[in-house]
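Can you build the whole structure from these sequences, using the hints too?
Same order as they appear, the protein sequences are chains A and B.
For the first sequence, our numbering begins at 1 and goes up steadily by one.
For the second sequence, our numbering begins at 1 and goes up steadily by one.
No lab work stands behind these hints: they were computed from the structure.
Quick caveat: nothing in here was measured; it's all calculated off a predicted structure.
Ideal Cβ placement from N, Cα and C applies to all residues, glycine included.
A hint or two may mislead.
The calculated label-pair distances, taken between Cβ atoms and stated as ranges, are [claimed, not checked]: (1) A:56 to B:48: 19 to 29 Å; (2) A:141 to B:99: 21 to 31 Å; (3) A:89 to B:139: 44 to 54 Å; (4) B:12 to A:56: 46 to 56 Å; (5) A:92 to B:124: 10 to 20 Å; (6) B:45 to A:58: 19 to 29 Å; (7) A:84 to B:36: 18 to 28 Å; (8) B:99 to A:58: 52 to 62 Å; (9) B:6 to A:58: 55 to 65 Å; (10) A:101 to B:134: 50 to 60 Å; (11) A:48 to B:120: 37 to 47 Å; (12) B:44 to A:92: 49 to 59 Å.
With a cut-off of at most 20 Å between alpha-carbon atoms, the simulated DMTMM-like pairs for lysine to aspartate or glutamate come out as follows [as the list claims (entries may be wrong)]: (13) A:81 to B:94; (14) B:82 to B:46; (15) A:81 to A:109; (16) B:82 to B:94; (17) B:26 to A:21; (18) A:85 to B:91; (19) A:81 to A:97; (20) A:81 to A:107; (21) A:85 to A:106; (22) B:82 to B:100; (23) A:85 to A:107; (24) A:85 to A:97; (25) A:85 to A:109; (26) A:85 to A:99; (27) B:82 to A:21; (28) B:26 to A:27; (29) B:82 to B:104; (30) A:81 to B:91.
The lines below spell out each chain.
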Amino acid sequence: MNKPISNSTQPYRNLIAGYTEAIRASDFKANIAFLFVAFMMGSVLWNYTSFPSYLSVQLVLLPFLIVYFSLFMVLIPRYPKRGAKSFLVARNLTPADFEFVAQSADDIEQLKLTCAVLSDILWWKTQSIRVGFLLSIVCVFLTMILLLYAFFK
Amino acid sequence: MVRDENAQLRNLIAGYGDSMRLSDIKALIAVLFVAIMMGTVLQYREHYPWYLSVPVLLSPFMIIYLNLLFSVYPRFPRAGRKRFPIWRNADPGDFDFVADADAELEGLPALCAGLSRILWWKNITLLAANLLSIACLAAAAILLFVVWL
Numbered sequence: 001m002n003k004p005i006s007n008s009t010q011p012y013r014n015l016i017a018g019y020t021e022a023i024r025a026s027d028f029k030a031n032i033a034f035l036f037v038a039f040m041m042g043s044v045l046w047n048y049t050s051f052p053s054y055l056s057v058q059l060v061l062l063p064f065l066i067v068y069f070s071l072f073m074v075l076i077p078r079y080p081k082r083g084a085k086s087f088l089v090a091r092n093l094t095p096a097d098f099e100f101v102a103q104s105a106d107d108i109e110q111l112k113l114t115c116a117v118l119s120d121i122l123w124w125k126t127q128s129i130r131v132g133f134l135l136s137i138v139c140v141f142l143t144m145i146l147l148l149y150a151f152f153k
Numbered sequence: 001m002v003r004d005e006n007a008q009l010r011n012l013i014a015g016y017g018d019s020m021r022l023s024d025i026k027a028l029i030a031v032l033f034v035a036i037m038m039g040t041v042l043q044y045r046e047h048y049p050w051y052l053s054v055p056v057l058l059s060p061f062m063i064i065y066l067n068l069l070f071s072v073y074p075r076f077p078r079a080g081r082k083r084f085p086i087w088r089n090a091d092p093g094d095f096d097f098v099a100d101a102d103a104e105l106e107g108l109p110a111l112c113a114g115l116s117r118i119l120w121w122k123n124i125t126l127l128a129a130n131l132l133s134i135a136c137l138a139a140a141a142i143l144l145f146v147v148w149l
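In structure tokens form, the structure reads like this:
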């Protein structure tokens, strides 16, 4: 017989759902940002010959590479060891391996651990995506200043 | 009565969440659209009239990018940080607060206010980007006909 879900676990489940949603949103943003940066890099390199002499290829490409790196850091799949008991990802698992998962489904300590693991994952994702986005914003801003300089020169 | 009020606030929070998600999707698709368009526009720059220099052509794109990037920049309301901690190396013990339902109910109005503020910024930046895109498209259409006639 299935064990009825106690109300005391519901707030934890809601929090876990919140974390999962934020992680998914973060991944989606990073995926689209990848495409955006890739398209932009094509446009920038295509017109490289028209750039002023002080903008070397290395200088132009460096921000792109840093943004790519941070976006990869966002998207890298993470399954931390401390939460592995309740979310098994392994080769050659047997049905018996999931008995513990079923037993601990309503365990508050287990839910707290899941919250901690997800919070940690979201922290990394948020920091990495912020680095990528901030660098993109700064580069767009610098490009605007350079364009204004070229226009009024 | 109090219960209804809380349910109302929760519905409002869900509504804000939905609107933000929708706004983010729109902004992300718009970023892609504008990035593809910029490549196409730049490719034919030698055929444009003299007054359409590269800085003039690129300025609207840059303003749109800035707006869209601000729109999708990840933000979490300050008021809700205690109930939605994003910490490095968080311990399970840090989540004892979840059991305190009263504190959650007290924080609902502040959370609504925080989400509303975030949605306002998302909306205003997305609106600015969309309006500028529309204006540029209209200008491009007018210029096309001017050249044609």
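Now for the hints, and whether the structure bears them out:
no.: 1; hint: A:56 to B:48: 19 to 29 Å; in the structure: 28 Å, holds
no.: 2; hint: A:141 to B:99: 21 to 31 Å; in the structure: 45 Å, violated
no.: 3; hint: A:89 to B:139: 44 to 54 Å; in the structure: 53 Å, holds
no.: 4; hint: B:12 to A:56: 46 to 56 Å; in the structure: 52 Å, holds
no.: 5; hint: A:92 to B:124: 10 to 20 Å; in the structure: 54 Å, violated
no.: 6; hint: B:45 to A:58: 19 to 29 Å; in the structure: 25 Å, holds
no.: 7; hint: A:84 to B:36: 18 to 28 Å; in the structure: 41 Å, violated
no.: 8; hint: B:99 to A:58: 52 to 62 Å; in the structure: 54 Å, holds
no.: 9; hint: B:6 to A:58: 55 to 65 Å; in the structure: 57 Å, holds
no.: 10; hint: A:101 to B:134: 50 to 60 Å; in the structure: 52 Å, holds
no.: 11; hint: A:48 to B:120: 37 to 47 Å; in the structure: 40 Å, holds
no.: 12; hint: B:44 to A:92: 49 to 59 Å; in the structure: 57 Å, holds
no.: 13; hint: A:81 to B:94; in the structure: 19 Å, holds
no.: 14; hint: B:82 to B:46; in the structure: 56 Å, violated
no.: 15; hint: A:81 to A:109; in the structure: 16 Å, holds
no.: 16; hint: B:82 to B:94; in the structure: 10 Å, holds
no.: 17; hint: B:26 to A:21; in the structure: 18 Å, holds
no.: 18; hint: A:85 to B:91; in the structure: 16 Å, holds
no.: 19; hint: A:81 to A:97; in the structure: 16 Å, holds
no.: 20; hint: A:81 to A:107; in the structure: 18 Å, holds
no.: 21; hint: A:85 to A:106; in the structure: 14 Å, holds
no.: 22; hint: B:82 to B:100; in the structure: 12 Å, holds
no.: 23; hint: A:85 to A:107; in the structure: 13 Å, holds
no.: 24; hint: A:85 to A:97; in the structure: 9 Å, holds
no.: 25; hint: A:85 to A:109; in the structure: 12 Å, holds
no.: 26; hint: A:85 to A:99; in the structure: 11 Å, holds
no.: 27; hint: B:82 to A:21; in the structure: 18 Å, holds
no.: 28; hint: B:26 to A:27; in the structure: 16 Å, holds
no.: 29; hint: B:82 to B:104; in the structure: 9 Å, holds
no.: 30; hint: A:81 to B:91; in the structure: 14 Å, holds
Violation of the numbered hints given earlier is confined to hints 2, 5, 7, 14; the remaining hints are satisfied by the structure.
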